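For the protein sequence lines, the chains are E and R, in the order given.
Following this note's numbering, the numbering of the first sequence begins with 1 at its first residue and continues without gaps.
Following this note's numbering, the numbering of the second sequence begins with 1 at its first residue and continues without gaps.
No lab work stands behind these hints, which were simulated from the structure alone.
Quick caveat: nothing in here was measured; it's all calculated off a predicted structure.
Beta carbons: idealized from backbone N, C-alpha and C, even for Gly.
Please note that a few of the clues may not be correct.
What the hints assert, rightly or not - Selected chain E positions facing chain R (Cβ under 8 Å, derived; list incomplete): (1) Thr11; (2) Val15; (3) Lys74; (4) His86; (5) His87.
Said to hold, decoys possible - Distance windows between CB atoms, simulated: (6) R:His130 x E:His101: 42 to 48 Å; (7) R:Ile15 x E:Asp79: 36 to 42 Å; (8) R:Pro76 x E:Lys74: 27 to 33 Å; (9) E:Thr120 x R:Pro131: 28 to 34 Å.
Okay, here's what each chain looks like letter by letter:
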Amino acid sequence: MKKNTRNRIATFVVVLSGALFLWAFTLPEEPVKTEKSTKDKKPAFVMPENVNKVVMNSCYGCHNSKSKGEKSKKKLNFDKLPTLHHHKMVVKLQDIADVVHDGDMPPKKFLVKHPEKALTKSEKTLLQKWASETAESLMPHHQQ
Amino acid sequence: MAKKRRRLLKLLFWILVLFFVIQFIPAKKPPVSEQNPNDFIRTAHVPDSVAVLFKNACYDCHSNQTVYPWYTYVAPASWLIVRDVKDGRKHVNFSEWNSFKITKKLKVLDKAADEIKSGDMPFWPFLIMHPKARLTKKERKIMVEWLDNKGEKMFSGE
């Protein structure tokens with residue numbers, strides 16, 4: 001190809017790309033969806049940072065989707081908790097409050113091997129309070 | 001040969017003696033009551049087709065309407081039956097349903113659905129002597145669906 005022709009083609013391609021590039025900025029923005037997507041849905045409950053810390057240290061290890069403990073997963077799975085129907089979520093939250101209050105969780109056998117995961121008195125109170133108050137707040141008004 | 005047989009008979013004899021003696025160890029049967037104003041089936045408006053499943057598979061251990069079979073009076077079966085009925089009623093007694101707070105009712109519905117779905121309930125030794133209590137997959141599905149539905153309805157205040 002002759003040098004001149006090649007240069008002309010190159011210039012043309014550059015100018016065309018530039019024009020297309022600038023044109024893209026003139027395109028209208030994607031219209032705002034009028035329907036709320038599930039991602040925008042308000043979460044059923046919020047777990048404050050201090051509660052989350054306690055849960056991650058003392059509970060999550062057994063009570064998550066990837067846990068090897070079939071029984072513990074079945075009883076409570078923190079990964080699935082926010083996705084439950086409210087009438088079941090309330091039950092799980094109340095269960096958390098109860099087992100923490102009764103000292104049944106974390107299990108004594110488990111704590112023998114992992115004493116650092118034991119709940120302190122203030123952690124117990126924190127967790128219990130959060131769980132029962134959240135359960136209470138989820139109950140429809142006429143049920144409270 | 002004769003010695004072996006004599007030994008066998010001796011053993012059998014002592015087993016029978018033991019069996020006779022254990023009949024004197026008491027096992028107090030939890031009482032039965034057919035009149036239960038707070039009964040689940042009635043107060044929760046369980047439809048007949050679902051109610052029969054609860055009655056056959058659950059009510060012997062989990063209600064006041066226990067039906068005690070003849071071997072309830074024969075040890076060691078008697079001890080096991082008494083233990084199962086006591087424990088069952090302690091965990092949940094469907095005859096007391098309407099006296100439960102709303103939160104307890106929701107818990108019972110949720111737990112019952114879990115136990116039925118997983119197949120952990122009815123307790124398998126019970127099923128050996130109670131073929132009527134055996135639930136098919138379809139029957140379990142029906143019960144779980146009804147329980148979940150009921151929980152949802154109760155929660156939204158119906």
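Hints violated by the structure (listed by number, smallest first):
The structure conflicts with hints 1, 2, 6, 7 and 9, although it agrees with all the remaining ones.
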